[in-house]
Amino acid sequence: MTEQEERGRRASGMSDKLAARHFSAYFGQLRAIHDVNLTFPANVVTAIIGPSGCGKSTLVRCLNRMHEVVPGARTEGEVLLDGEDIYAPEIDPVQVRRRIGMVFQKPTPFPTMSIEDNVSAGLRLNGAALKRPERDRIVERSLRQAALWEEVKDRLRRPGASLSGGQQQRLCVARALAVEPEVLLMDEPCSALDPISTARIEELLFELKARYTIVLVTHNMQQAARTADLTAFLYGGDLIEFGNTRQIFTTPARRETEDYITGRFG
Amino acid sequence: MKDSMAKADSGSASGEVGPAGAAGGGEAVAAAAPGDLAKAAELGARVKLPVAARGKIFEWAVYGATGACIAIIAGLFIELLANSWLSISTFGLSFLWTSEWNPVTNQFGALPFIYGTIVSSAIAILLASITGVMAGAFLAEFSPPRLAEPLSFVIELLAAVPSVVYGLWGLFVLGPVMRDYIEPFLQRYFGFLPIFAGTIYGVGMLTAGVILAIMIVPTVTAISRDVMRAVPNSQREAIWALGANRWQGFRMVVLPIARPGIFAACILALGRALGETIATTMVIGNRPAIAASLFAPGYTISSVIANEFTEATSQVYLSALLELGLLLFIISVIVNGLARLLLWTIFRPMES
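Chains as they are written, first to last, in this note's numbering: chain X, 1 to 266; chain S, 1001 to 1352.
Bear in mind the hints are in silico, worked out from the structure with no lab data behind them.
A portion of the hints provided could be inaccurate.
[As the list claims (entries may be wrong)] Taking CB as the label site, the calculated pair distances span:
hint, chain 1, residue 1, chain 2, residue 2, range
1, S, 1144, X, 88, 19 to 29 Å
2, X, 137, S, 1229, 53 to 63 Å
3, S, 1058, X, 30, 16 to 26 Å
4, X, 155, S, 1342, 25 to 35 Å
[Claimed, not checked] Computed list of chain X residues with no C-beta within reach of chain S, every gap over 12 Å:
hint, residue
5, 15
6, 74
7, 75
8, 131
9, 136
10, 140
11, 141
12, 154
13, 229
14, 264
[As the list claims (entries may be wrong)] Sample of chain S residues facing chain X (criterion: CB under 8 Å; computed from the structure):
hint, residue
15, 1082
16, 1235
17, 1241
Small disclaimer: the values here were computed from a predicted structure and weren't measured.
Cβ coordinates follow ideal geometry from the N, Cα and C atoms, glycine included.
Full structure from sequences and hints, please.
In structure tokens form, the structure reads like this:
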């Protein structure tokens, strides 16, 4: 594994923002992730690919401690954020999630909130009340970063659920960005979207990686090939191969990887 | 005709076994008349009507059931109106704001009863909505699942206790507790408010309100728990992923989504409080007077009907009691109507 990691690190030439160390995840007795070692360098899009049920969603949910909200779920090993273990006993998972944002598979705008309230929802969690102009500024900045501002600037008070599916997903991206996380986890963010909305999200990834460390879970290999700098292939809860995206897709080192990317299974 | 169809078909279907046949037979039996049912049982066969006929029968049954509900409500209203006509024509609208209730002189006014009904129910819904929503939130969001199940069972059991038992308990347990502890406490610290001033009896408006609250709290709890549980988990995870703790997630996401349902739960419970008779009668004191103090005895519409119906000797007395029934009916309709209106105007725009 270390050899693979080394290859990934060399390929990116960047420092590690986030890293899983001998990490395993369980649902009750079932081990969904087996002793995974994986690094996510800063300002890089890292894709996690693999067939359905391979554990890629579970893995990404472990990276911001969302796995443990499922009853019976538990983990072993470390996840290091800037070298600090987020699973250390003194660490509050709530604080971890403020630093590591997440966008889910299906758009989840809060139905009772307006577009601007959706974006600023995370800002209200800190306890400190923001002044109106400050809040408006953050809302605009986040919506611009999510490439949604031009489409919604005249209807910020309308319900978030009134937007189209693709717009809702970008609203969720804006909502995650508003709290200025350091890492952005995206769990199949395009699986419920049409091709045009998918293209918009993919463009967005290019712009966002200048500021954030991005982990993208996808079942769509073309998407990984188009957008990711590094790619990890996960199969049956094991990390099979990790490296430069081009290398993974052109000269995979492992037989399973080759079988998967050439469509022999999955 | 229905009969012949069932018979004709039962022959062909008699050899049929297995779950599909059983399900089809069940449907046909449910829709068919009792005669058919008996025959089907006799033959030991699984009755199966043609699909089109089953659809038609179901359609009629649906229309019939709906029509019956409307007919019952209309009939009830007309009958109440007709029987209270003597009282309406004798006292006119002043029945609504006259306080005198004197069977000896045949002078009847409904105001103390309207007041008592509304105030006791208002106390009940105030206490029950706060307690019930908090209990529902605990069961749905905060308690460990292993605790939630038995607790829910116990709370729902409260709804199954007959109201006369509540009345008895209210009279012998709650009444003395109110008289000796709670009401003196309220008077000592909030006695400057007219509602907590005056003589303490133990039985009275406040005790009736508390008993009603206890009776309706299971309704509020169970329904608010269900509507909170119905909030999709993806919503909770979305707010947690932003860095919300459980309480923040509840307040910002779960509660707003569940609010219309919680509101509906309170209205349903209020409906029960308005019509509740026996328990209220046993603890409210049964005095047709309007007092500023909540410690003073009062009277509700349903209590006076239950108490005096058998001793209503004159026509106009009986008619006045029936008019009270009509009033209670109208109050319930108004409360439910207002609630509907509120649900439409306040909550609808947020949903789309």
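The hints, checked one at a time:
no.: 1; hint: 1144/S x 88/X: 19 to 29 Å; result: holds, 25 Å
no.: 2; hint: 137/X x 1229/S: 53 to 63 Å; result: violated, 38 Å
no.: 3; hint: 1058/S x 30/X: 16 to 26 Å; result: violated, 45 Å
no.: 4; hint: 155/X x 1342/S: 25 to 35 Å; result: holds, 26 Å
no.: 5; hint: 15; result: holds, 24 Å
no.: 6; hint: 74; result: holds, 16 Å
no.: 7; hint: 75; result: holds, 16 Å
no.: 8; hint: 131; result: holds, 20 Å
no.: 9; hint: 136; result: holds, 19 Å
no.: 10; hint: 140; result: holds, 19 Å
no.: 11; hint: 141; result: holds, 16 Å
no.: 12; hint: 154; result: holds, 18 Å
no.: 13; hint: 229; result: holds, 24 Å
no.: 14; hint: 264; result: holds, 33 Å
no.: 15; hint: 1082; result: violated, 47 Å
no.: 16; hint: 1235; result: holds, 6 Å
no.: 17; hint: 1241; result: holds, 4 Å
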